[in-house]
Structure formats: C-alpha cells, structure tokens
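Just so you know, the protein sequences line up as chains Y and W, in that order.
Count the first sequence with this note's numbering and you get residues 1 to 604, in order.
Count the second sequence with this note's numbering and you get residues 1001 to 1309, in order.
In short, the hints are calculated from the structure, not lab data.
Distance windows between CB atoms, simulated: (1) W/L1152 x Y/N38: 54 to 62 Å; (2) W/A1059 x Y/P503: 46 to 54 Å; (3) W/E1306 x Y/D362: 40 to 48 Å; (4) Y/H447 x W/A1073: 52 to 60 Å.
Virtual Cβ for every residue (Gly too), placed ideally from N, Cα, C.
Listed below, chain by chain, are the residues.
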Amino acid sequence: MSRILFVMLHPGFLRYYDSALQALAGAGHDVHVAFETNRTKLGEDAIARRLAAASPRLTFGATPERGESVRDFLARGDREATRSGGPGVAPWSREGREESWDSLGTTVRLLLDYLRFFDPVFTRASALRARAEKRVPRIYRGLVARAAGTRTGRRVFAAALQAVEAIIPPNRAIEAFVREQRPDLVLVTPLIELGSQQVDYVKCARRLGVRSALCVASWDNLTSKGLIRVVPDHVLVWNEAQKREAVELHGVAPEQVTTTGAHLFDRWFAARPGRSREEFCRMVGLDPGRPYVLYVGSSVFIAPDEVPFAERWLAALRDSDVPGVASAGVLIRPHPANARQWRASDAGAFSGVAIWPPVGTDPSGPGSAADYYESIYYSCAVVGINTSAQLEAAIVGRPVFTIRAPEFAHAQEGTLHFQHLAAAQGGLARVASSFDEHALQLAEALHGGASGAAGRDFVQSFLRPHGLDVDATTVFSRAIDGLARLAPPLERLPSWWTLACRPPAFVLARLARALAQDRPLWTFATSPLLSGVIALWGVGFRAQEATGEYVGKTSKRVRRQVWRAWYESTRQIEKTLRRARKKVVARVRGAGAAAKRVARRSVC
Amino acid sequence: MGISHGVHAALASFWRECYRDLRRHSGNERLPYPVRTALRDMADRTHQRCAAAEVRAIAPRLNRLAIRTAATATLSAGETRRAQECAAALGITEAQPIVVVETLSRPDLWAPALAVLRDEGYQVVRLRAPGLTDPRLPAVIDVATDTPDAPLLERHLVARSAFVVCTSSEGQSAAYAAGTPSLRLDARDPITAYPIRSNGIYTLATVIDLDTGHVLGISELLTARYFRNSRNCGYRPTGAEEIAAAVAEMIDGVRHGWRDTDAQARFRRAVADAGVALASQVRDVIEWDASGGFVGDGRLARVQAERAR
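Go ahead and model the full structure; you've got the sequences and the hints to work with.
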C-alpha cells in the first residue's frame, strides 16, 4: 500500500486524528507522523505511544530542525527579553542564508494572516485582528493598516506578499526529509496557524511531485486563524459550510475540497454510559434526585475571564423565579486548557453546584473520556460561551444554550464560527440576550420541552454530512486512500522569474531578518557602530595581550642574561679576591713565621 | 504624558537598546574573556540606567494630593433642573436619599447590603452599562448609561447620592469629582485603589494564587512579588457579609463622621510605607501616585482591616 507522511504542528493534534490514523494503518498504509514542536503538558504524547504500540505501520518522530522557527522569530522581537547572544552566523553561510529565508517566510505569512482580518467579513473580529497584529513586528503594522484601507490596497498588498512567498526557496532540510520519507501523499495539519511554516512542506511536495493535502482539524480553523497561503492539491473539510469558507475565504478551488465529516467525534456516536445516573451524580457531588445543567468552559482566547461570568450566571439561576431553574443542579466542567482560573471560583458558595473534574486533572487520563461523556449524557441541558463541547452535547442529544455577554462579544459576534452555533443561522444553540430569557429557555429543557432534537439536523449537516449512520472516520480514511492512489502530480520546478528574483529577494530576506528584531529604526545606525567599537576593542585587547607577551618574554630573557652576567662576573671577582686574599694571608703568615724565627735567633 | 516623560521614555528606549546590544556582545565567545566580562558589567549598568529612566518616564494617572484638596464640580441650575426631571421620570424621588451603585451583578452577594440600605431609607440606583445581561432586581432603580441624557443624569445622581458604591477607578473618580463619599469594592491591590479622601472606604477582593489555590493574606498584597506576579492570581469578590458591613460603615460615616479604628490607621501606614518602598520596583505605585508617602485619607473597610492585623 502507500506511504503517507503526516506533518502535525504538535502531538496535541493526534486527539483529532487518532481514529483516522488507526483506520489508515488498518487499511495497510504506512503512516509516519512528524511533529514540528513537542508538547506534552496535557499528556498528548501518551496518544502517540498508544498508537505506535497498537500498529507497527504507525511511526512517530520529529520534523527536521529549522534555522528559525516561528517561536524563535517571535522571541527575537521580544523587547523585554534578556538574553546573551552568540557571535551569529555569517549571512553568506548556508545557515545564515536559511535563517534569512525563514525570517522572510515567517514575516510574509504573518503579514498575510494579519491582512486577512481587514476583510469586511471580519469587521467585528477585532480580537482576532488584534491577536494577528500582536505577532507582526511593529514596523509593518502601520503599513498593513494603511494598505488594508481599501479593497484594491488589500488585493495589491496580498498579491505582492504572495509573489514574495513564491520566490522563497523551500527549506533544504525539509526537502531532504520529504525525499528521505518517499511518501505517496503528504498531509499537513493545521497549516493555518499564524505564520505557520508548514507551507514549506506543501512547497516541497509540489517541487518533488508528491501529492499534498490539508486536513482541517477543527470547526474554527478556517475562520479564526491564518490563511492557507500556498494551497495544497486537496483540502479535507468537515462539511459544506467549511467548504464554502475554504473557497470564499482561502481561494481554494471547489473541486479541490472534499467533505468527510468530523471523524474526531465518531466515538461520541458509539459511546454508552458505564455508570448509572445515581452513581455519577454521587461521584461528582450532585443530588441525583434533581436534574442538572452542565456548564462547559471555553478556551483562554474565548473566555479569559470566565469565572466572574459563571458566578453571575449561577447567581441569576439561583435568584430566578422561573419554576425549576433555581433548584436545578449545576455541574461546571472547566476547559482543560483554561482550568486554572477556576481555582479562584466562588461557585462552592452556591447550593447544588459542583466543579468537576477537579482543576489539575489530567484530561487524557484513564476514564476521563467516559467521565466527560457521562457528564453530558446525564445532564438535561448544556450551557457554554462558545466551545466544541457544545457540538459534543448535540451528538449526545442534549439541548445547547448560550448567553450573549458584553465581555465575550469578541468570541461570539466577533468570530465567524459562533455563527455555526447560533440557532438563528440554523445552528444548534439557543442564544439568549439576558439571564431572564436564558432562564425561561432552560426551564423548557428542565421540563423536557427541549429534547435536543433540533440539534440532530445540525449534527447531520455539520458533523456527518454523509449521513448520521455513516462513520466519518471511514469516509476520511477512504478519501485519504483515494488521494494516495492517484497518480503523482508533475514535479513543479521553480519558474524562471522566481529564480531571477531570488538574489534581490535575498536582500529583502536579510532586511526581514533585521526588522524581525522589532527594534527602533535608529538602532540600525548605532548597532553596527557599537559592534565595530566592540570588535576593535576585542582586537586591541588581543594586540595588547600579544605585545605584552612578546615584551614580557624578551625582557625576561634580557633580565636573565644580565643577571647571569652579573652573577658570573661577581663570582669570578669573588674567586679572584679569595685567591688574592689567600695569597696575602699566606704571605703574611710566612712573614710572621720568618719574623718569629728571626726573633728567636736573636734571643739565643 | 508631559515632555519630560517623553524624554525619559526616549532615554529608556535608548538605554534598553544599548543594553540589548551589550548583552548580545557579552555572549560572543570570539571576544576575549575580560572584554566580555567588562561588557556584561556595562550591560548591567545600562540596565540600571534604563530602569531608572523607565521609572521617570511613567506619567502618573492622578495626583493624590491635588485630588484631596480639589474643589467639587457642580452642575448649573439649568442642568440640575433637567437632570431632576429625568430622575423623576425614572421614579427617583427628591425627598428620599439615594445611593448610586455602579453594578449589582451578584444579587446573592448584594441581598444583605440592599436590605440594610432599604431599612435605612435609601433608594438604590444602579447605573446599568449597555449590553449588560445582569438580572433586574426588585427595589433597585436602573439608569441606562447609553441614553443622550445619561452623562448629565449620572453626574447629578452621583452628586446627590449619600455615597457611591463602585467597583472601578472610574466610579471612584466620579465620586471624587462630585465630592461624594465612595465605597470601592473588590479592589485587586491595596495601593492603586486606596481612597484619597477621608470619606472613602474600600474592600479588597480575595486573592488566590492560581498555581496552588492558596489564599494570599492582605500583608502579602503589599509586596513587589505580588505586583509582579498578578497574572498568576485570581480574584474572588467581597463576600455578602463584608459588603453589608462595609455599607453599614459607610452609612455610619455619612451620618456621624469618619473615624479610623486602630487597625484602619495601622493599615493606612502600612500601605503608605509600602508605596515608598515599592516605588522603584513597581510601575503601578508611581502610576497611581503612591510613591510620595501619601496614599490617601480613606480607609480599608473595618471588617477587613481587623482581619489584616
């Protein structure tokens, strides 16, 4: 069968594709999953280990290291960071060239991602725009804002950036990696992260004549993140709504898009509770005799300050005079990546309220999936701001509710994927504009009036477009299987104009690398001067050191010679003197003896 | 921002960039070791200069001493008449004293305090922000803040109010401007929200370390570590009993004059001392003009000050 290279940003994406990977391995495909970055904080690597143990056809590893990752690029622009640097690589060396191209690539991609949020479709998406803006070096921000003022400006600027993207050569290490893997198909996900470098895999696949496809991981990917800057041969989406987004917002040709359904939710269709309601309620600390509402937490971007809102919501429920609402139990389920803030929650002060699982629980631990399912299954309504747990609730058949709140305007009206949820647009959630309205809606659910049947149409159109009984994992793996069997496309070598433009574009790449430091412009004048002065200082120091060494050695030698000369001469003098003294003494003694003899003779 | 602040900001930027360059070169192993050591020392000195310039570049948001002695703003006779008509249309009677509250998002926390206010004969007027989803409360008069007359009506109500209950610095400032006593709830640190005038009281939110779930004591909130690490903290609102006690203290102060307990006076001294000590380390202290030794004549609510001992 065929060999597939699946490039993921980090192991967290395995959560979306584990069933699909098993299905592909089961169909006889060899799949190598390569992660661009490592992430283990929520136990994501455990899934990789489990899958690798389950099938020898599934292998996992890292992608080749880049000269400059997006994280490095952003870290270089951090004005507050304190770090010592090395001497840096020479710009003309291979490493230096690759770093420069990486910098240019990341700059262009971040600019394109920022630019897309000026489109009239995103008029209300100020938070998304701000998030994209934060990643763009300051110097470009005004330029983009000015260029994006008109439709023509946006188009011209985007076309210029796309042209630069076409000139940037694919990364050599990545090309070598893809060549070494010899895949029949390259899959990438998510590709639309802000500034994502996965573009290079698509470019390498094109160049090497390998078919490529983007697997859209989640329901908000095409509207709340970056752009598909280089369109792969195929795009696999969940449903028709995403297909429209891919075509209208990303410029993908309709025939390149395949709808597969949301395979990550398949297990929800097959799941059954393992405990009774009484057991479950007792475990989480709720009264089994009362119905309960499940509040599902949202991610950090959607609800950075969710706790005060949830407490207001609880207070409104408990204060409500709508029958049944005040006495209903409430189970709060924090978002696993946004759970910490619930440590400050005052929810325990309300009666009949439980926060579960406790903050800090491993979301991929044993039994956690079953716990999650049961918390939805035994609830009579699910409330949340804007989160994928609401989709899961729709699968289980529970009515879904949300409340518009001013503090979450950026995440509700300000995001396009919220429109999929809102019932007014044919979505599944009943949206209330006040707590009073919300209490009335909840009362209906608590009394069994809203069974969640309204969500069935949504589930069919949004999560299982090929039929409620058709497993999306099977559709997805068949689609991949089909793509892998297609004849490989022709190798697309770079055109003459891209080759011709590469040398001048390299100047641009060096400039992009310098500007990515996000420093004030005057530093480009002073920094080389300072570097020169420091280099001269270093040279001077070494010269002084060398001179000092030479002078020191010579003087030592001379000193030694002088000392020796002096020493030897003084020794010689001493010797001579000693001899002379000896002679004198001998003479004196001889004279004395003679005198004594003379004296003795004269006495006799 | 004044010119001198701008100059200091430019200087801070200059020193910061020099520091970055020096740090970068000090890690260059091609340079002789003594040169790198000297560069590192220079970088440290540059960083100190940068920090000093950054402190000088901070433009204070307010002048505590000026606010303490500032005259109160009043409405003209015509404006007052128009505002009175708007108030009457909303059912606010002139004969009965009022208390303006900025928000009442947690009826459960407010119920005892509202009972105290009602028992003491006050009308409670809530300034309701546009788009707010908070529940409507019985015996609380809502005033929308997005109507054309709202700014005038707000000023009138704040000026007429026996005292203002607020959760933001804007609400506190409006009370200062009108010379109205204020009760600021759920302040997130003891320094920036400290009431300037003697007719002000505030309460502190309960601060939780989000890593450990540990509740920070009030004395821990007067350290540089807390200010630097505030992103790692969560806040629990002031409890119902404490709000009711603080409201009762306000009513007592309005009627019988403002007196400090020993605990309140001690806490004020501790905050003022902390302001001086933290001036060079914490941006907020300078920004909120608490570095000069004067933090305000107001006080922490008695119920919390006793706990802070």
